[in-house]
Amino acid sequence: MDKFTSLTSLAAPLLENAIDTDIIFPARFLLLLDREGLGKHAFNEWRGPGFVLDTPPYDKAQILVTGENFGTGSSREQAVWTLADLGIRCVIARSFGEIFYSNCFKNGVLPIRLTGTEMEAVESAAEAQTPLTVDLESKTVSLPDGQVIPFDIADHHRRALLAGLDEVGMILADHSQTIAEFEERRRTATPWLDLSQDKLDALAEDGA
Amino acid sequence: MTGKTLYDKIWEQHVVAPFEGRDCLLYVDRHLVQEVSSPQAFASLDQNDRPLRRPDLHIAVADHAVPTRRRGHPFADGLARQQVDRLRENAEKFGIAYMPMNGDRHGIVHVIGPETGFTLPGCTLVCGDSHTSTHGAFGCIAFGIGASECASVFATQTIRQTRQKTMRVNLEGGLPAGVTVKDVILALIAEIGTGGGVGYAIEYAGSTIAGLSMEARMTLCNMTIEAGSRVGMVAPDEVTFAYLEGRPLAPEGEMWDRAVAAWSNLRSDEDAVFDREITFDTSVLEPQVSWGTTPEQTGAITGVVPNPEQMTDRGRAARIRKSLDYMDLTPGTRLNEITIDRVFIGSCTNGRLEDLRAAARVLEGRRVAGSVKAIAVPGSAAVRLAAEAEGLHEIFLAAGFEWRDSGCSMCVAMNDDRLEEGERCASTSNRNFEGRQGKGGRTHLMSPQMAAAAAVTGRLSDVRELL
Ligand code: SF4
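The listed protein sequences correspond, in order, to chains A and B. End of the first sequence sits at 208 in full-length UniProt numbering; the numbers just go up one at a time, nothing left out. End of the second sequence sits at 467 in full-length UniProt numbering; the numbers just go up one at a time, nothing left out.
Next comes chain A alone, as it looks inside the complex (with noise of 0.2 Å):
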């Protein structure tokens, strides 16, 4: 996964409440097998002349900022994959649909939650075309007149950022022995959880 340390852009103002999955990423396009190149697919129905991120200087924006509930929705990660492909890297929002939220770290994507007047402050650096410096180290982001606004994110998130984990590296990594443990007890207290490869068989060859 890449890494995301500091970065400076201008940022594109989208400033809507409640952008969900299929607005980012409409469901016809979910029959693409593959996660590269997805970014032309972004906002399919809104693409185009006065469509923000295609009017300069805004094509070039590694920063999204938007409004309440971004990402609501479908659990698609295509949401995130192809807001990455087009180089969107931070994306500044009021809140986030939950999903999206937890899909964009696992993409080297940083999602920020702002409100009040230093949201508005965001916002109107995005839309005065002057660019943010958003840095994961000292969870800040910088506004050129010389703000600095803190943002909260959990630590966790935060080292899986910076150093570009792949999660699931780490749970093999550092837990395979207690998943082994706890599925001894699991056997024995709940054991009507493990379903016999008998029944499974018999289930899918009903199907067939």
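There's no promise every hint is true.
Said to hold, decoys possible - On the chain B side, residues computed to face chain A include the following (Cβ under 10 Å):
| # | residue |
| --- | --- |
| 1 | 27 |
| 2 | 35 |
| 3 | 55 |
| 4 | 99 |
| 5 | 128 |
| 6 | 162 |
| 7 | 172 |
| 8 | 312 |
| 9 | 315 |
| 10 | 318 |
| 11 | 414 |
Simulated from the structure, these hints should not be mistaken for lab results. Ideal Cβ placement from N, Cα and C applies to all residues, glycine included.
With chain A fixed as given, assemble chain B with the ligand onto it according to the hints.
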């Protein structure tokens, strides 16, 4: 010491390792695998040369992209076909039970999970699909995850998760005639908003719940995600056990008795404290329809399209203006005067036997209005077969509906079932987002009997006038 909530009890039983704060490594008992969210997750196993840890805790089915006109129709080559083939190949390669498209076990993941007894009380269940909340109706922690998290479940049978806060929603007073649980959840979302549940696991309780079938409870938990909450749940009871007993993957004999004994303790303690608690009177509800482009933009069928110019909240007014523009609606229009072009009865929200029965009761002896095109898409092959055994398909066909094979169909418009630009649809699905049922399509969400009523009158209608 205060008592524990149902959510907390199940959560604690599944913690493999605690991390800082509310985070932990959570064991996953069940994983439903579908074609859209899995190809990249399977690919990551290959790329990292990792085995799939517990194939016995997964079942796979292709539901989103499959055509629903199958028997006697070829599945044309193309992206959808490739995606379905890829799932079958991956399931075979990694040893996961796969329910083929033309078999009797096929269906939407959230319909066949419960139907096969794969979904059980007290378990943790995930799927790369946000409507996984459906399964919480059985008193389990079920939630949608992203593709990277699917990869984590494949390789480790665990995922890193943050424990949610808890909210109890007390539904009180029962349901008036003509009002269903779909109306309850739509009205609830209209009240608390699409962000109202963010960060919470919702437990539904109260006098209205006890009288609900498993199908109805599933509809309720299914749409919990539309209130922003990934988890909706109902404590298991006799209704739950009666539904599960004898299902192919449910425990049997002595193991069944042991399981039921354990499941009977799965309820929130009397003195459990929820982070938030609300009570919602369901006895005063009327049938609901959505008029906008988010599920919270919903109102009673007896009402009118709201006027953003009369609103003091400027943000809300702006959103509504935009929605009405997309929906091509004028403030003040009576909802029951809005004419429709299409009707869709199906989806993981309302594609079960009880839903088809409810729609058929309205359709019996009536015809779909002139230019309206209507389809009924059973949520699974088992639902279709059961409906056909009761003769429901004949009622749908006689009314002028098309009777299709199982799949997600026009809920998500990934196959050829979709709205044309500008078409307006009465739909029993769960999302009325822009373009959800096809580019430029306009969706009105409602219950199955309300969709049936709209089909026969050609406009959004109060089903109570037809019952
Ligand atoms: S029926 Fe609709 S909501 Fe349900 S799983 Fe399929 S696409 Fe998702």
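Verification of the hints:
no.	hint	in the structure
1	27	holds, 6 Å
2	35	holds, 9 Å
3	55	holds, 9 Å
4	99	holds, 4 Å
5	128	holds, 6 Å
6	162	holds, 8 Å
7	172	violated, 28 Å
8	312	violated, 17 Å
9	315	holds, 7 Å
10	318	holds, 9 Å
11	414	holds, 5 Å
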